[in-house]
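*Asks:* Listed below, chain by chain, are the residues.
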Amino acid sequence: MTVTVNGKPMELPAGLTIDELLTHLKVRREFTAVALNREVAQRSRYAETRLRDGDKIEIVHPMGGG
Amino acid sequence: MYDTSLWLGGREFKSRLIVGTGKYPSFENMREAIEASGSEIVTVAVRRVSLPGQGESLLDFIDPKKYVLLPNTAGCYTADEAVRTCYLAREAGLGTLVKLEVIGDSRTLFPDVLGLLEATRTLARDGFTVLPYTNDDPVMAKKLEDAGAAAVMPLGAPIGSGLGIRNPYNIKLILEAVTVPVIVDAGVGTASDAAIAMELGCDGVLMNTAIASAKDPVAMATAMRLAVEAGRLAFKAGRIGKKLYATASSPLEGVPEWTS
Chain L
1 MTVTVNGKPM
11 ELPAGLTIDE
21 LLTHLKVRRE
31 FTAVALNREV
41 AQRSRYAETR
51 LRDGDKIEIV
61 HPMGGG
Chain C
67 MYDTSLWLGG
77 REFKSRLIVG
87 TGKYPSFENM
97 REAIEASGSE
107 IVTVAVRRVS
117 LPGQGESLLD
127 FIDPKKYVLL
137 PNTAGCYTAD
147 EAVRTCYLAR
157 EAGLGTLVKL
167 EVIGDSRTLF
177 PDVLGLLEAT
187 RTLARDGFTV
197 LPYTNDDPVM
207 AKKLEDAGAA
217 AVMPLGAPIG
227 SGLGIRNPYN
237 IKLILEAVTV
247 PVIVDAGVGT
257 ASDAAIAMEL
267 GCDGVLMNTA
277 IASAKDPVAM
287 ATAMRLAVEA
297 GRLAFKAGRI
307 GKKLYATASS
317 PLEGVPEWTS
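The listed protein sequences derive, respectively, from chains L and C. For the first sequence, our numbering gives the first residue as 1, with consecutive numbering after it. For the second sequence, our numbering gives the first residue as 67, with consecutive numbering after it.
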């Protein structure tokens, strides 16, 4: 399946969970949040939230700003 | 000297200076400057992580146990984007104290006050402590307070401009118009600008570029800390009235005569 992660299309195994995606991308969990198709994904449900073809994912964290 | 603390969202702060974390020459320099500023609250932006994940993170240099993080919604042009960004920040563990920005124009970065008001209402209802970045407009400041803002943050001048407090009279009017804290956010260029904001009676000052882009950010952060303290003290002390002509400080009587 193809999902868009932070604006970039990625080819990923079907049925991948958010938890597995974060591990696959080596994303640090602390102070990180995920939006799935514009909705905030609950941290406690990463392991059971499966991605589907065409999903749009945003993974964010704090950066320098004013 | 007797002084009250700054209260935001039920939390007490001794420092009245809030600083940003952007534009520093290095994370190490940022950490030193923030330390020198004496600030207890630091602003952060919420942005995409670089992929694949990398080692260094902003929060390796700012201890979230030592500082209260204030995520902003910089770069949001609609109320919807700003609200979603705050939800993301909360889920990321950055808390519910937010600096709300809804930008209306990319050249001036002036706020879209209609979107700002809508987002303030939504977030306040959802339990956020909302600090909206707004125009120096007393009418809008009052509307934001009524919508649930925990403080109002009027700009002194455009973000990053360093032009200082362009309309001190409007800042004064905002101080009269609302009961929540007034924090000047944006426009400060140097220490005297911060002092002026505090002398007017503002409850705090928020700045980023003035410190981070100074030749020596650590020295400027120290200057800003002192300026905010000096301005606050001068406000509490109660300044003298302004007069056009001189009033002698020395007695007029008892001046010796030298005429022969």
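Bear in mind the hints are in silico, worked out from the structure with no lab data behind them. Glycine is no exception: its CB is placed at the ideal position from the N, C-alpha and C atoms. It cannot be assumed that every hint is accurate.
Covered stretches of chain L (chain C as the covering partner; in silico rule of three or more C-beta atoms under 8 Å from a C-beta of chain C) [claimed, not checked]:
#1 3-16
#2 29-43
#3 49-55
Pair by pair, the computed Cβ-Cβ distance ranges are [to be verified]:
#4 C:Y235 with L:R28: 46 to 56 Å
#5 C:K302 with L:P9: 31 to 41 Å
#6 C:T174 with L:P9: 34 to 44 Å
If you want a taste of the chain C side facing chain L, the calculated C-beta under 10 Å gives, among others [claimed, not checked]:
#7 S81
#8 V115
#9 V134
*Asks:* For the stretch 29-43 of chain L, do three or more residues have a beta carbon lying closer than 8 Å to a beta carbon of chain C?
*Replies:* Since 11 is at least three, the answer is holds.
*Asks:* Could you check the hint for me, namely that T174 (chain C) and P9 (chain L) are 34 to 44 Å apart, CB to CB?
*Replies:* 35 Å, holds
*Asks:* Check, residue by residue, whether the stretch 49-55 of chain L contains three or more positions whose beta-carbon lies closer than 8 Å to a beta-carbon of chain C, and give the verdict.
*Replies:* Per the Cβ count (0), the hint is violated.
*Asks:* Is the shortest C-beta separation between S81 (chain C) and chain L less than 10 Å?
*Replies:* With a closest approach of 17 Å, the S81 (chain C) hint is violated.
*Asks:* With a cut-off of 8 Å between beta carbons, are at least three residues of the stretch 3-16 of chain L near chain C?
*Replies:* holds (count 4)
*Asks:* Does the closest beta carbon of chain L sit nearer than 10 Å to the beta carbon of V134 (chain C)?
*Replies:* 13 Å, violated
*Asks:* Let's test the interface hint: is any C-beta of chain L closer than 10 Å to that of V115 (chain C)?
*Replies:* Constraint on V115 (chain C) satisfied, holds at 5 Å.
*Asks:* With 46 to 56 Å as the target window, see if Y235 (chain C) and R28 (chain L) comply at their CB atoms.
*Replies:* Cβ of Y235 (chain C) to Cβ of R28 (chain L): about 48 Å, so the range 46 to 56 Å holds.
*Asks:* Within 31 to 41 Å: is that where the Cβ-Cβ distance between K302 (chain C) and P9 (chain L) falls?
*Replies:* 59 Å, violated
Of the numbered hints listed earlier, those contradicted by the structure are 3, 5, 7 and 9.
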